[in-house]
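Those protein sequence lines, which keep their order, are chains A and B. Take any residue in the first sequence, note its place counting from 1, add 207, and you have its number in this note's numbering. Take any residue in the second sequence, note its place counting from 1, add 192, and you have its number in this note's numbering.
Errors might be hidden in some of the hints.
Computed spacing ranges between beta-carbons, pair by pair [as the list claims (entries may be wrong)]:
hint, chain 1, residue 1, chain 2, residue 2, range
1, B, Arg432, A, Thr424, 52 to 62 angstroms
2, B, Phe539, A, Gly234, 22 to 32 angstroms
3, B, His591, A, Ala360, 51 to 61 angstroms
Source of the hints: derived by calculation from the structure; they are not laboratory data. Just so you know, even glycine gets a beta-carbon here, dropped at the ideal spot from N, CA and C.
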Amino acid sequence: MDGMRARILVVDDDPALAEMLTIVLRGEGFEAAVVRDGSRAMEAFHDVRPDLVLLDLMLPGMSGLDVCKQIRGESGVPIIMLTAKTDTVDVVLGLESGADDYVMKPFKPKELTARIRARLRRGDTGSAERLRVADVEIDVPGHQVTRDGEPIALTPLEFDLLVALARKPRQVFTREVLLEQVWGYRHAADTRLVNVHVQRLRSKVEKDPERPEVVVTVRGVGYKAGVS
Amino acid sequence: MSGTSRWDGARRLADRLRGLLSVWSRSLRLRVVAMTLVLSTIVMVLLGVVLQRQITDGLLANKKAAAIAEIENARITAQAQLLGAETNPTKLQQQLARLAQDLGNPARVENGSQGSNAGVFDPVVTPLRPGGATDISYGPIDDVPVELRGRVAAGYESSQYTTVQRKNAAGAMVPVPALVVGAPVVIRSGTDTFGVYLIFLLTGEQKTLAVVQQTLLLGGAGLALALALIAFLVANAVLRPIRRASAVAERLASGDLAERMPVRGAVELTTLARSFNGMAEAIRAQIRQLEEFGRLQRRFTSDVSHELRTPLTTVRMAADTLHAGREEFPAHLSRATELLVDELDRFESLLADLLEISRHDAGMAELNAESVDVRSHVVACVAAAGPVAATTGVRIITHLPPEPVQAEVDSRRLERILRNLLNNAVDHAEGGVVDVELAADDDALAVAVTDYGVGLRPGEAALVFNRFWRADPSRQRLTGGTGLGLAISLEDARLHGGWLQAWGSPGRGARFRLTLPRRRGFVLSTSPLPLRGGIEDDGDEAAVDAARAMPSLPRGGAAGTGGSARGDGHAPARSGPDEAPAESEGAVDTEAPVLGSRP
Chain A
208 MDGMRARILV
218 VDDDPALAEM
228 LTIVLRGEGF
238 EAAVVRDGSR
248 AMEAFHDVRP
258 DLVLLDLMLP
268 GMSGLDVCKQ
278 IRGESGVPII
288 MLTAKTDTVD
298 VVLGLESGAD
308 DYVMKPFKPK
318 ELTARIRARL
328 RRGDTGSAER
338 LRVADVEIDV
348 PGHQVTRDGE
358 PIALTPLEFD
368 LLVALARKPR
378 QVFTREVLLE
388 QVWGYRHAAD
398 TRLVNVHVQR
408 LRSKVEKDPE
418 RPEVVVTVRG
428 VGYKAGVS
Chain B
193 MSGTSRWDGA
203 RRLADRLRGL
213 LSVWSRSLRL
223 RVVAMTLVLS
233 TIVMVLLGVV
243 LQRQITDGLL
253 ANKKAAAIAE
263 IENARITAQA
273 QLLGAETNPT
283 KLQQQLARLA
293 QDLGNPARVE
303 NGSQGSNAGV
313 FDPVVTPLRP
323 GGATDISYGP
333 IDDVPVELRG
343 RVAAGYESSQ
353 YTTVQRKNAA
363 GAMVPVPALV
373 VGAPVVIRSG
383 TDTFGVYLIF
393 LLTGEQKTLA
403 VVQQTLLLGG
413 AGLALALALI
423 AFLVANAVLR
433 PIRRASAVAE
443 RLASGDLAER
453 MPVRGAVELT
463 TLARSFNGMA
473 EAIRAQIRQL
483 EEFGRLQRRF
493 TSDVSHELRT
503 PLTTVRMAAD
513 TLHAGREEFP
523 AHLSRATELL
533 VDELDRFESL
543 LADLLEISRH
553 DAGMAELNAE
563 SVDVRSHVVA
573 CVAAAGPVAA
583 TTGVRIITHL
593 PPEPVQAEVD
603 SRRLERILRN
613 LLNNAVDHAE
623 GGVVDVELAA
633 DDDALAVAVT
643 DYGVGLRPGE
653 AALVFNRFWR
663 ADPSRQRLTG
673 GTGLGLAISL
683 EDARLHGGWL
693 QAWGSPGRGA
703 RFRLTLPRRR
713 GFVLSTSPLP
723 LRGGIEDDGD
733 EAAVDAARAM
743 PSLPRGGAAG
753 TGGSARGDGH
763 APARSGPDEA
773 PAESEGAVDT
783 EAPVLGSRP
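Excised from the complex, chain A in its bound form:
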């Protein structure tokens, strides 16, 4: 197995789209596996052990949202939703189920691969960096977040979000800046991504998510790291 090629699991019921996706992904240098049925998605996930999951929200067998929750239940692997729905509720539901990002159909291959690369590209910071936000400690190269020695499990995206905020403790980040730094969007995109993931992050790192101390909202501007 070629260690350099990232494995991508495509969960999509449409055979033509699934095949086209594998063609495009292989053309871009990824390894692609396809599963067409939601109920077999977890099985395939265990077999393939992908680096990233492309998940269609509307699936037979099991809803894309449920697949998303199940994967998230045991892994922090990046999940990108493929969605044809533009309704606010559907996108937010998908993100709340654990998806890191979404691509709206119809998308261009370049757009999709850009999103995939953004999610696969991890902060390659070799330095032994340790950060601290409120009472939470972050071991950046070790990808470890702890409070009082107790590890807190974060997905890579949540980890990146927290690190981005923690590296500049005094700076207030607008949602647009976070989209660019964490998600890799070069132009303004959907700020709901930020809102939903800040909520998810808070639910894991805050003692009381109702009164956040780690990720603080600055009304009308955005977010910043809490005082350590």
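Position chain B against the provided structure of chain A, taking the given hints into account.
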């Protein structure tokens, strides 16, 4: 002064009358009671008059019959007593007095007393000798009417009603109605004739009638009032279910669709209740059906969106993959791939626009308004339109106010409107200049996009917002418009409570003006920018032509509008505060077409 106050008084009175009149026309109960009162009073009065007439007639007929019987007796008595009539006036007078006393004496008649039948009377006896003096007559001869005296003198027994003066209890002379009967007494010798008159005072009858009258009056008034009260109670009883129905209807109108009227009581009321409930049921069914339609429409939009987008994604990716490798293709295949990709772009934007407009049609479009500086959106959209403008040699000149223009708008929709207006202007500018102006007042902001190209022919200002309408079908689109851009823009403006209007002159250019309220919910009345500015207009022709185009338009402005009017030109004329938006700016030329007149 006094004239004014009288005028005021009159006005106040008129106001009060109007108030009463409106209460009258509104209160069914008041009307029922008043009508009952009036009608029963009329009936009572008529009945009273008839009754009184009947009673009077009866009383008088009795009196007359008795009086005639009495005069017969009196005649016989007089005939007997005057048999040997004196010629000496003094003696005759004594004789007459005696007779009169006898006539008035109850003892005279064996079987009764005077007045037993006909009541008290004053006897009068007078000689009827031709030329004879009446001064020897006995009794109040002056109380006997002259006509009666004439008839008696002519030998007839006769009677007449008259009025005589009598002392009342207080001693004053008062007129008293009386019945006078008279009969001629011819002495057997035939030489002498006397008239005997009996004057019956009708005091008793008058009193009886007064009592009757009073009784009738009181009874009638009481009855009328009682009827009014009954009418009030009946009206109340009838109106109670109606009021209950109106209460139910109000609750129904306020959204409680399960509200129903109880079906009980009189047949008419249960009929009302049943029809009412039937109506409520029909309304609820209709509303449910509409809700269902809305839900289906929403589902359909969502389904179409998904079902179309999945294959489109596949095609898109396939096309892009082909496009990426087009260098390896022969020329014709390479060109075909380019066309495929370009048309897919168009297809995608068309699909997106269709979905957007169907979302508007389904009333599902949501306004995500937040306070932003509109200048930044204008700058961004002008920058985005730059590349296309540059390829066609169009120069976009932006005129922005120096201070921020904060407004509560949906950024996505505002940018879409601006993008559409700019694309449209660039498409039609004929390589000239496009002016983009932004202006604001306290309540509203306006963006006007003006080009000085082909302009709009007469009537076209009304059509530009129609779906898939094109000024010139043969015209090549440079910006890849779908034909839905302006229609969607109009819907977006409407969603903000704003206006989108067009004005144009053939060969001179076209101007589109977007007016939005700066705060959500504010109702626009004017726009900070004129609809017809900048484009030179040296002939009347264009304006007249424009005027001709107006009647088919919604009244919100020259063409297309916000508020509730639809921009497709099929909306009914609308009136209200929104109409003729720019009049206050003195831009008579601008709005003259709307008013259908031209100075």
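Do the hints match the structure? See the list:
no.: 1; hint: Arg432(B) / Thr424(A): 52 to 62 angstroms; in the structure: 59 angstroms, holds
no.: 2; hint: Phe539(B) / Gly234(A): 22 to 32 angstroms; in the structure: 23 angstroms, holds
no.: 3; hint: His591(B) / Ala360(A): 51 to 61 angstroms; in the structure: 56 angstroms, holds
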